[in-house]
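J.: Chain order of the listed sequences is A and B. Taking full-length UniProt numbering, I'd label the letters of the first sequence as residues 1 to 73. Taking full-length UniProt numbering, I'd label the letters of the second sequence as residues 1 to 73.
A few of these clues could be false.
One copy or two, either will do: identical chains are not told apart, so a pair holds if it fits within one copy or between any two.
As the list claims (entries may be wrong) - No farther apart than 30 Å at their CA atoms in a straight line, the calculated lysine-lysine pairs in the DSSO-like style are these:
(1) K20 with K66
(2) K37 with K52
(3) K10 with K66
(4) K5 with K58
(5) K58 with K10
Don't read these hints as lab results, they were simulated from the structure.
Okay, here's what each chain looks like letter by letter:
2 protein chains.
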Amino acid sequence: MSDFKYDIIKSIGTISESPKGWTRELNWISWNGREPKYDIRDWAPDHTKMGKGMTFTKEELLELRKLLTSSES
Amino acid sequence: MSDFKYDIIKSIGTISESPKGWTRELNWISWNGREPKYDIRDWAPDHTKMGKGMTFTKEELLELRKLLTSSES
Chain A
1 MSDFKYDIIK
11 SIGTISESPK
21 GWTRELNWIS
31 WNGREPKYDI
41 RDWAPDHTKM
51 GKGMTFTKEE
61 LLELRKLLTS
71 SES
Chain B
1 MSDFKYDIIK
11 SIGTISESPK
21 GWTRELNWIS
31 WNGREPKYDI
41 RDWAPDHTKM
51 GKGMTFTKEE
61 LLELRKLLTS
71 SES
């Protein structure tokens, strides 16, 4: 894997948990010391490994919230 | 890329748009004819290419909505 650092500034919550204990979480993460971004990602138990994920700006999360609350999705 | 089919059953909305016209969207997508899943993904203009994304179950989106509405994130 590439050489990068991350820092979970704020743990916002868990979205789901797999039978093997991986959790899908929403966090506020600083990557390589940069300004933190919101991050939805799968994590191994105790955060020993990270899986696939996406980062979001605050504006994107606000739009997403709007979509999730206005539709019956 | 691998050989797969997808069908956007329902377009729920756009989360953001990049300067190059790629959109980050929430859709309800059937992959390879399977039961549809919610999908957050980046798309090129006119959906000619798809970028990185994640799929979510309905339960996951409901949890995510809960996190987004209960925090001031």
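J.: Against each hint, give a clear statement of whether it holds in the structure.
T.: Hints and how they fare:
1. K20 with K66: between (32 Å within a copy, 24 Å between copies)
2. K37 with K52: both (15 Å within a copy, 17 Å between copies)
3. K10 with K66: both (22 Å within a copy, 17 Å between copies)
4. K5 with K58: Within one copy only: 21 Å inside a chain, 32 Å across chains, cut-off 30 Å.
5. K58 with K10: both (14 Å within a copy, 25 Å between copies)
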